[in-house]
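Novice: Chains as they are written, first to last, in this note's numbering: chain F, 1 to 501; chain U, 1001 to 1504; chain S, 2001 to 2325; chain W, 3001 to 3093; chain E, 4001 to 4107; chain R, 5001 to 5118; chain Z, 6001 to 6136.
Keep in mind that the hints were calculated from the coordinates and are not lab data. Fair warning: there could be bad hints in the mix.
[Unchecked claim] List of simulated lysine-lysine pairs, DSSO-like, C-alpha gap at most 27 Å:
| hint | chain 1 | residue 1 | chain 2 | residue 2 |
| --- | --- | --- | --- | --- |
| 1 | F | K103 | F | K365 |
| 2 | U | K1163 | U | K1365 |
| 3 | U | K1062 | U | K1166 |
| 4 | S | K2078 | F | K157 |
| 5 | S | K2078 | W | K3024 |
| 6 | S | K2194 | R | K5100 |
| 7 | R | K5114 | S | K2173 |
| 8 | U | K1163 | F | K449 |
| 9 | R | K5100 | S | K2024 |
| 10 | R | K5114 | F | K365 |
| 11 | F | K365 | U | K1163 |
| 12 | U | K1163 | U | K1377 |
| 13 | F | K440 | U | K1377 |
| 14 | R | K5114 | F | K293 |
| 15 | U | K1377 | U | K1166 |
| 16 | U | K1365 | U | K1166 |
| 17 | F | K365 | U | K1166 |
| 18 | R | K5100 | F | K103 |
| 19 | U | K1366 | U | K1377 |
| 20 | R | K5100 | S | K2080 |
| 21 | R | K5114 | S | K2194 |
| 22 | F | K103 | F | K449 |
| 23 | Z | K6072 | W | K3024 |
| 24 | F | K452 | F | K365 |
| 25 | F | K103 | R | K5114 |
| 26 | U | K1163 | U | K1305 |
| 27 | R | K5100 | F | K372 |
| 28 | U | K1166 | F | K372 |
| 29 | U | K1163 | F | K372 |
| 30 | U | K1163 | U | K1062 |
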Amino acid sequence: MFAQHLPVLPIILPLMAAPLCILLGRSHLAWLLATLVSALSFVISVDVLLTTLEQGVLSYAIGGWQPPWGIEIRIDTASAMILSAVTGISTLVLVYAKESIAKEVDPSQHTLFYTAHLLCLTGLSGILSTGDAFNLFVFLEISSLATYTLVSLGSDKRCLTAAFRYLVMGTIGATFILIGVGMLYMKTGTLNMIDLADRIAEFNGNRTLKTGLAFILVGVSIKLALFPLHMWLPPAYTHAPSAVSAFLASTATKVAVYVMVRFIFTIYGAEFVFHTMSMDILLLALAIVAIFKCSFMATVQSNVKTVLAYSSVAQIGYMILGISLVSSVGLMAGLLHIFNHALMKGALFMAVGAVLLRTGSVDIKAFQGLGKQMPLTMAAFTIAGLSIIGVPLTAGFVSKWYLVTAALEQQQWVIAMLVLLGSLLAIIYIGRILEAAYFKEPSELTAGKDIKEAPMLMLVPMWVLVIANIYFGIDTSLTLSAADTAAQLLTQSMTEIEAAQ
Amino acid sequence: MNIWSTLDPAQLINLTIVVPLIGAAFIALFSQQPNLREGVSIITAVVLFTLVLAVTDNTFSKLSMETTWVALFPGLEIAYSVEPLGVLFALVASFLWIITTIYSIGYMRGHNEENQTRFFFCFALSISTVMAICFSANLLTLFIFYELLTLSTYPLVTHAGTKEAKHGGRVYLGVLLSTSIVLFLLAILGTWVSAGTLNFTPGGVFTQAHSDSLVALLLVLFCYGIGKAALMPFHRWLPAAMVAPTPASSLLHAVAVVKAGVFSILKVVIYIFGIDNLSDIATTDVMLYIGTATVLLSSCVAMTKDSLKARLAYSTVSQLSYIVVGALLASSVAAAGASLHIATHAVGKITLFFCAGAIMVAAHKKNISEMVGLGRKMPITMIAFAIAALSIIGLPPMAGTWSKWYLMVGAVEADKMIIVVVLTISSLLNVAYLLPIPIKAFFNTPSGDQPAWSWSETKEAPLPSLIAIVVTTTACLWLFFYPQPLIDLINLIPDVSTELKGRP
Amino acid sequence: MAEIIDLVLLGMLAITAFNIIFIKDLFTVVMLFGIYSFLSALIFVNLDAVDVAFTEAAVGAGISTVLMLGTLALTGRKEKASSHKTILPLLVVCVTGAALIYGTLDMPLFGDPDNPAHQHVAPRYIEDSPQEIGIPNMVTSVLASYRAFDTLGETAVVFAAAIGVLSLLGLPKRDRATIQSGLKSHLVLRVVAKMIIPLIVLFALYVQFHGDYGPGGGFQAGVIAAAALILYALVFGLPMATHVVPPRVLKALAALGVLIYAGTGVVSLFLSANFLDYSVLAEDPVAGQHIGIIAIELGVGITVFAAMLCIFYAFAGQTERKNIQ
Amino acid sequence: MLVLSATCIAILSVMALALARALKADTVYDRILGVNMFGTKTALFIALMGFLSGRPDFLDIAIVYALINFLGMIAVLRFFEYTAGDENQEQEK
Amino acid sequence: MIEIISSVFLIVGAFFSLTGAVGIFKFPDFFTRVHAASVTDSISTILIIFGLILRTDFDLVAVKLLFILIFMLLTSPTASHALAKSARHGGLLTLAETRSDKKVGDD
Amino acid sequence: MSFIVDHYNYWIVVLLMMMGFYVVIAANNLVKKIVGLNIFQTSVFMMYISIGKVNGGSAPIAAEGITTYSNPLPHVLILTAIVVGVATTAVGLALVVRIKRAYGTVEENEFEDKEDLI
Amino acid sequence: MLLLAFGIISVALVLWLLHRMNNTDAEIQKLALNLSFIRYTMWLLGQVVLSSLTVTRLVWGSRKELKPTIGKLPVNKVPKKSRVLYANSITLTPGTLCIDIDNENVTIHALNEESLHSLKRGDMADKVPGENKGVS
């Protein structure tokens, strides 16, 4: 009965579950509801992904109003792929959160935590599903507001200033996007993405549209923490509760990257962005600087969460790099990395959260000797860390492989080499932590404490992600075909233009 | 001699990789019972060797052996296929693993090392990856196991857990990982993007259609990317890794790591570039001269080292470059010499390391200057040392003679007289830094300012170690007199031959 | 005439904004911000956006200003002079501004009926919505039916804000006027407030139910109703207000409103139509649309009222606490 | 129509004057006075504009203006009740 | 006819309104300015709203205008009063007090 | 000349936006930052509403005798955006209150100093 | 029909809310809408006109006439329930402004002394409607 309504369900299920959580009142009921709803959304989005692989794009007219008059839900493979990752991670994080936030968040706020989490999920699903430029802004703001709340739930008071900075930057970003969308509307009279794409083609080189693009890109860059607009991210991820860091790091910024892809490839078209505006050079340069600067920053931090946060910014650099290579393979590598990075960062932050739970600290000193005390957690950390580095047989290798391949196809040897050099920095910052865990004696932070392995509810989601990391590093057929289909769809116009020339 | 003949030949490859892994699992399982643990180690090593013998047998009977594990990317799999060069390396590695295991038992017990389980465990793991490297069917598989080898030997290097060991480990890991990721992987990807395949193909994968500069660049990337070959200036990891316990060093230098490096270079040269095409590549000569320079320079450095292990390490750097030079000479004879050198240098160098370890265990000496007069107390060890040193130098009747001979012939064939000269000088340098050690040990007496050491406490090394030393020394001699099976094997390698070809 | 008014108002806006930059007294800044909101609402009226003006006046000048004052009461009203960073922000602003000016060069002429924006999607709303939806206010038609999904998102945003503020500040406890607070010495004020609050609530309900025909709707009604109770709380003190409308009820109401909205959409799912397609809610599609709009406007109104009041309670609870200490 | 326009302009200038007062004031109370005056005049102005544009059914907005203006005033007064204590304390220190 | 009356109302209302605005600049101290503001506020509101009412068809619009009028007449003096009271409590002195430093007429 | 007349509205709006934007990024006080944010957003709303204006048009509420209406779509969008704006403001101010409680100050450079000490 | 229903619901809601408010603060104010009230309103309107004329004269005239004074008036004559009206009326009448009101006195600010004196004569207090005049 609901088969044709599936595209809209991942949005409205969490949206309706959020107020229900408040009405339920009890935090464990809220947890149960949130987890179930999230899992249901995950199942639905996987189904949708498989459907898009078979049938192509799914379109759903909200309210029965045909686009461009009404709002359209439009899910193609790229959206469905990231949607599956987001809902999947959300489910795992929720399972994980029960034990994690029990220590880090005040009990009176647990229900609010789950509500905010569901709202955030609603926003992210909405961004990924919608086919309307303004609707995207609305969902962006739902997720952002929920995110500010989630970040501010941290136990350290610095989470407040982090959340505030995030709020200010995020709002500036959103307002920039709003300005850009306004300019688009001004010139075209429509907000539907497909309709926009059709109409923009007439205006190649129009100054208003150029400015609109510039504002959208800057706005999205703030949201996705592209260097040098990333300053809000490290403190936010460092001081947020671990479950929140795990969720945000693996989903929120990735969804912003998706938004960028959407605007560049679907709405404006690669021709406009890269040819008329030459954005590829700028993005490329920023991506490279991001990779190096932030990887380097990650190597000198003592707080492991900050290390991972900087690493996230660097990894975003890889995704942008893939986009800026202006090729189907590059885009595919970027999309693939969005998906894979979600798996690894999720697992890493979960492991760090487990360490925080048991040792009470996330300083690198707290990790010393944990290889023996928390073997399962640290093993998970190790594997996910290897994935970040891009060691073969992990998911991270696959995306880096395609990234370098894409660069080489464009004869960009230097860039290919820089990507690989970036991995070296990853080795250093992950290696430092592993060295502490396996080759050092417990420091004064943990010495004499009886440190147990993390509880089951935390280990299971963590290991699910770790296994996913290995699985998608070895059996790449699903991710590759999805990313490839998605990239082909998105760059369709580009190849047509090339063919025409 | 093929006790596995009932088995599907393709399964043999899987077994060679899996058997050490199973062994490793059992080693971990029996961590509390040292005897059982070491028993398992030896049994695994022996089983593995029989497996490799079976593979050799099949190779001689021209049976093709291939297997595919998974397809990582479309058109790109983790796959194995047996070819003669890999078999040669596998033979050497699996044989020496047995010996090293026996030696380790004596060494580790005699030295009362900690974490012995971890040691044997990692040992088994690294042999497993070496086997995978030997039989890899494409560059991707080779790369993956190349990296795994680095990682699985890292705990061996830092085994001691001291600050120095950690520093050494960091250099080891840093150099090997960075070269392999930044250069080797880049080269692999470059090959993939331009040639469209990574499979090892006799005669090479590049065609005339590929731009010369690209191929030239790739060659440089490969040579430096395979950091385990210790081409200068990326040789620093080798001396740094000397902090490892001696059995580990011997494994690193003689068996697994460095040999994996030069093996990879040989394999890339033969199966990716093709020996015949090599001379057309612009950068071949450049790399060749870098190789010869490494030979000379590291020999010179070796002379300045007083620490025995450090001297041996630089000697290894020098000897590895022989193989690189042989590979790059673009001559089938030189390539054969290089291949043979893998085996001969392996037995020679492992003997030297065993001796060094034995001296450590028995006399607690590290520095050459302290070994004056040691020969009288440890005659077997020092005699073995002398024989192995001669083999390295390349004097008959030792195994090293043959490989050096072919190298020289190859250089002549390639019309590179300067290489011949350099090789000769280098052999002289070898004499200069290796021979003084046994001479001092046997013929010098301690001078006055040497601290007197109580000779009565010093005796020969523990029995297992001694057995190992004797076996490898015998091998050094044996290979001089009966090198034919190996040479036959080498002649099976496409484009490689010990016969001189007619000048074109 | 409209142009002159427009220009004068814009001029006043510029002056206000300019002063906000330099004035250090935050209290004045907040009051000027109120004026700014008022002025911009006037511009909205002048540019025919009456619904927007309605909202901006109620939200920007009303709720936002009250919240800002509440914050100032806790954080102090003087901005400290600081020497740091003026060049870089100025540079950023200049670059951004230059980009925008560059963008305006190709912009369609202001107010030209031939602009693309007026040619493509909007004509359908203007020409067909009175028949399709059956209500004269096109803004309400678009808001509640054509783009109902946006409005659902908007409701969720309000709900999210309430959740955020609650998690940050917490709700005050409902206690029966143990502490006298409010403007108790202002007798005149108390009496007048008592007289006008019912009027305001009545007005709010009028706006709620009249939104289909005139400016207004659920959102504006919710804000106005909340404003009535905020007024009550300001004059008579928070404990009194919490007694009239208990915080816990508000929390539930905020959730309920979202559920009503989304539930309306789900009902159409069950009637085998697309999400938020109201045509199936009654025999006649136009009547169905009307029912749907009333239902969702109710949802919006409830959520907005409850969320705004919740947020105010949370802030007021903080100031009360500070006063007690 | 002319009269309406004239009235509009008159009210507009009153608003401008009130704004000027709010910006340039001797005491805080003068400022508030200016703001209050501004608010009430704005409400009137909206009513006038409705008539000027021929759509007088937008008076609802004027009502909202009046209401919000009053609310704002009360909030300001309430604010003073709180901060007066603070300033005294600061002076004591 | 009605139009003329209405116009007169509007213009006079506007005049009072202006007077108030000038008053808040011209008067010497806060309390006197309150006089100017509050009194003219009331009268101008009454006049203008009545002027507008005369222009309607005496339908819902007129009712709304009346509503506005009542609302403003209730709130405007109240606000002025409350403000003056606050100012007084806040320690603001009248002009008379600052001039002569003694209270006048406190019998 | 007509160019100026046709665009003055946008230009002043841009000016307003930039003033708000300047306050956001230059202000040291968090409350002022929020005020700036509001000004910035409100100005953007004005830009949208300017897009929707049609000369000679009337408010988009159907009435007899009126044929030209302004474009209702930007109005709808901005209604939503205003709500988003106030929601952000509320959360932002709540954060400011908490920051004041935790750090004792709402001046950015002051609590930055305090964070360094931690 | 629908609108009517909504209207009824609205009124009911407001009444209910009002009921709740009254229950809590117990300051019930009742003002009878009777003849005296209307008469009072008319008188007040007149006063407003007068007062604005006064202010206008002062604004446009010279500042010399401006002699602001402040004073207190006893309010015990005025019934408690009508004091608010009284205060507002004072504010609206020419030249005077009610600043403060408590149980005994109102504080009044006047533009000139004459206005204050006319207030003190007390005709305002008589005009304010309310039951039980003179009883406090």
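Novice: So, against the hints stated earlier in the document, which numbers end up violated here?
Specialist: Hints 3, 6, 7, 12, 13, 15, 21, 23, 27, 30 contradicted; others consistent.
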